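Student: Sequence:
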Amino acid sequence: MKGKVSPIFSLFQHHYDEGRAAFDALSKQYRGKKAIELEQRLIFLEIYIDLLSRIHFKEEKLKFRLFSPFKSIFKGLKKTKHVKMIIGQLEELKVRENNTYNTYQKVLESEKNRLYSEVYEQIVSSPLKIWEDMYQEAYRYSQGLKPLMINTATTKIIDEELGFFKIENNGKLDSKTLKDIYEGIRVITALENLRIESGFNPVFVQEVHDRMSELQKVMLKWYENHLFMQHLVGYLTDKEDIPKKYLDLLANLQGNRKNFSKQIEQQCNSLFERILE
Numbered sequence: 001m002k003g004k005v006s007p008i009f010s011l012f013q014h015h016y017d018e019g020r021a022a023f024d025a026l027s028k029q030y031r032g033k034k035a036i037e038l039e040q041r042l043i044f045l046e047i048y049i050d051l052l053s054r055i056h057f058k059e060e061k062l063k064f065r066l067f068s069p070f071k072s073i074f075k076g077l078k079k080t081k082h083v084k085m086i087i088g089q090l091e092e093l094k095v096r097e098n099n100t101y102n103t104y105q106k107v108l109e110s111e112k113n114r115l116y117s118e119v120y121e122q123i124v125s126s127p128l129k130i131w132e133d134m135y136q137e138a139y140r141y142s143q144g145l146k147p148l149m150i151n152t153a154t155t156k157i158i159d160e161e162l163g164f165f166k167i168e169n170n171g172k173l174d175s176k177t178l179k180d181i182y183e184g185i186r187v188i189t190a191l192e193n194l195r196i197e198s199g200f201n202p203v204f205v206q207e208v209h210d211r212m213s214e215l216q217k218v219m220l221k222w223y224e225n226h227l228f229m230q231h232l233v234g235y236l237t238d239k240e241d242i243p244k245k246y247l248d249l250l251a252n253l254q255g256n257r258k259n260f261s262k263q264i265e266q267q268c269n270s271l272f273e274r275i276l277e
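For the sequence shown, the numbering used here begins at 1 and goes up steadily by one.
Rather than coming from a laboratory, the hints here were simulated on the basis of the structure.
Please read these numbers as outputs of a predicted model, since none were measured by experiment.
Every residue gets a Cβ at the ideal spot worked out from N, C-alpha and C, and that includes glycine.
Only true hints are included.
Now the in silico label distances, taken between C-beta atoms and shown as ranges:
(1) K78 / R257: 15 to 25 Å
(2) E132 / K244: 50 to 60 Å
(3) N252 / V124: 34 to 44 Å
(4) Y139 / G88: 35 to 45 Å
(5) K244 / R65: 50 to 60 Å
(6) L148 / K78: 28 to 38 Å
(7) Q254 / K78: 22 to 32 Å
(8) Q105 / T152: 48 to 58 Å
(9) L276 / E197: 19 to 29 Å
(10) N259 / K78: 21 to 31 Å
(11) A251 / K78: 20 to 30 Å
(12) N252 / E59: 43 to 53 Å
(13) D174 / K78: 15 to 25 Å
(14) K239 / R65: 41 to 51 Å
Could you build the full structure based on these sequences and the hints that come with them?
Tutor: In C-alpha cells, the structure reads:
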C-alpha cells in the first residue's frame with residue numbers, strides 16, 4: 001500500500017480540515033449553524049471512507065473502524081439540524097401570517113436548549129484521537145491508489161445507487177423512499193467530484209446533475225415541511241382544546257406536503273427516465 005497519495009485525497013483533506021475546525025469551534029460554543037457545517041463535512045468523509053473500504057475490501061470493518069467513533073456525534077448534529085429547520089419555518093410563518101405561536105415556540109426552544117447541551121457534552125468528551133486516527137488511516141489507504149481502482153469503485157457504488165433508484169421508481173414515494181433518493185443523489189454527486197479530481201469524466205452529463213440538484217431542492221422543502229408537521233402533530237397529540245390557529249397551521253402543512261409530493265413525483269419520473277435507460 002506504499003506509493004504516492006492519490007489526488008482524490010485533496011478532497012478528503014479539504015473536508016477534514018473544515019470539519020475539524022467546526023468541531024473545535026463547537027467544543028468552545030455549541031451553535032446550530034456550525035453544527036450543520038460539521039454534519040455536512042462528516043457526510044462527505046463517510047462517503048470517502050466507504051470508497052476506500054470498497055477499494056481495500058480485504059480490510060475487514062475498515063469503514064466501521066474509522067467512522068463509528070463519530071456516529072453518536074453525527075446523530076446529534078442531525079437532530080440539531082432538524083430542530084433548527086422547524087424553528088426556522090415557524091419564524092418564517094410568524095412573519096408571513098402575522099401570527100404568534102408562543103406556547104409551541106417555548107416548547108421548541110426548550111427542546112433545542114436541551115439538545116444543544118447534550119450534543120455539546122458529546123463533543124467535549126470525545127477524544128481528539130478519533131480525528132487523528134481517521135486522518136492517518138485515510139492517508140494510509142489513499143496511498144498507491146491506481147486510477148482504475150477509483151474508477152471501478154466509484155462506478156460500482158453509483159451503479160448500486162441507481163439500482164436502488166430503480167426499486168424506488170417502482171414503489172410508492174413515501175417518506176423513507178424520498179430520504180433514500182435524496183441521500184443517493186448526495187452520494188452520487190460526491191463520487192462524481194472524486195472522479196473528476198482523479199482525472200475521469202463524470203458518469204452523468206451536467207444536465208443530469210442540474211436535474212438532480214433541482215430535485216434535491218424540492219425534496220429539502222418537502223423534508224422541512226415533513227419535520228415541521230411531524231413535530232406539530234406530536235405537540236398537539238392528547239391536547240383537549242386545540243386553538244383554531246394550530247389546526248389551520250396543520251392543514252396548511254398537509255396541503256404543502258401534497259404539493260411538494262406532486263412536484264417530486266414529476267421530477268423523479270423525468271430524472272429516472274433520463275438516467276435509468
